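Colleague: Based on the sequences and whatever the hints tell you, model everything.
Quick note, the sequences are listed as chains A and B, same order. Be aware that the first sequence starts at 2, since it is given in my numbering, and climbs by one per residue. Be aware that the second sequence starts at 21, since it is given in my numbering, and climbs by one per residue.
Hints in this document: simulated from the structure, not taken from any laboratory. Any given hint might turn out to be false.
Said to hold, decoys possible - Computed from the model, here is a short list of chain B residues facing chain A with C-beta under 10 Å:
hint : residue
1    : Ala90
2    : Val126
3    : Leu163
4    : Pro164
Remember, it's a predicted structure, so these values are computed and weren't measured experimentally. No residue lacks a Cβ here, since even glycine has one placed at the ideal position from N, Cα and C.
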Amino acid sequence: MQAFRLLCMALYLQPTLRAFLYFFDTRPRSPTTWLSLISRPRINRLDAFTQSFKHFKDGFFKVVVKQVGRSHFYTNDGSTKFPFFWTGNPWRYKGMAREELSVADREVVDAVMLFSNKIPTKGLVRVYNSVHPIIDIEGIFLYI
Amino acid sequence: MSSSSDRVSLSGSSSERLGGSGTSRSGSSDREEPENVERIPMERIVEVREDPPEELAESSWLAKAGYEWAAADVQTQHSIFRWSRLLKSWLNCTPIFEKGARRDIVLLERVTVVECVCHSRDGAVEEFFYMYMCHFSQLHIRLPFDEFTMGVLHLLNVALTQLHPNS
Numbered sequence: 002m003q004a005f006r007l008l009c010m011a012l013y014l015q016p017t018l019r020a021f022l023y024f025f026d027t028r029p030r031s032p033t034t035w036l037s038l039i040s041r042p043r044i045n046r047l048d049a050f051t052q053s054f055k056h057f058k059d060g061f062f063k064v065v066v067k068q069v070g071r072s073h074f075y076t077n078d079g080s081t082k083f084p085f086f087w088t089g090n091p092w093r094y095k096g097m098a099r100e101e102l103s104v105a106d107r108e109v110v111d112a113v114m115l116f117s118n119k120i121p122t123k124g125l126v127r128v129y130n131s132v133h134p135i136i137d138i139e140g141i142f143l144y145i
Numbered sequence: 021m022s023s024s025s026d027r028v029s030l031s032g033s034s035s036e037r038l039g040g041s042g043t044s045r046s047g048s049s050d051r052e053e054p055e056n057v058e059r060i061p062m063e064r065i066v067e068v069r070e071d072p073p074e075e076l077a078e079s080s081w082l083a084k085a086g087y088e089w090a091a092a093d094v095q096t097q098h099s100i101f102r103w104s105r106l107l108k109s110w111l112n113c114t115p116i117f118e119k120g121a122r123r124d125i126v127l128l129e130r131v132t133v134v135e136c137v138c139h140s141r142d143g144a145v146e147e148f149f150y151m152y153m154c155h156f157s158q159l160h161i162r163l164p165f166d167e168f169t170m171g172v173l174h175l176l177n178v179a180l181t182q183l184h185p186n187s
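Modeller: Next comes the structure, spelled out in structure tokens:
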């Protein structure tokens, strides 16, 4: 997700939600357990984040939103900008069709599809905190 | 102005903290030094709430019901971060905030023995969500989140801890 956002930044594109999700399917279809985004074969240009996440499940803690921070996490009408807690009905889909995309979505999808090789997700995420992300990302592309 | 001072404190924070304040720093909370109003923007330290005294009584509570919709292993998924001391020691060496972001927008708190990852607010007064340590330590996610990340979660209708980290 972070890598896709950075890639769009480097291409001077506005990352759209459906354009991102177009490159993936969700798993599993049931039951309600951890939801994974699985790359669609031959379509996704971002390689899998190969890091092992064996022990992530018992490492959670609470983030309490303070009054001064509300605007970061809540919309003006008072609802949260994302689900704060697990939901019993995540959006599950498989093989999103191009027709489901808006014109703006398609523009992003087409731009990313122009890459013939897999883009190194880890490298992209690593430059996330660097001083000049755009320059660094262009550096990564020199080696693809 | 606050963002530039943050950046300075980010680069030199660890040595400042070790040299300047000694061991008492890790045990003190914001409430104990109300006179130091400039502390929050200048320090990298994250506000971690201390364990409440009722912790022992809490451990005898029954496990919460009402989460049958989740898979069995989800319903019983507890956390190792049940003591603020443990949480604090991890957070001391894990970046949490975006460069230049205010550090007082959230408060990080350990979980109780009965809390599972799929639990919700359950009448709690405060508004909170759960996060995994690996979100910060391995995935470079920082607070506050960007609109794109929150939008994806909203569209998928999942909590941050509900999405497998490999996604």
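Colleague: If a hint holds in the structure, say so; if it doesn't, say that too.
Modeller: The hints, checked one at a time:
no., hint, in the structure
1, Ala90, "holds (5 Å)"
2, Val126, "holds (5 Å)"
3, Leu163, "holds (7 Å)"
4, Pro164, "holds (4 Å)"
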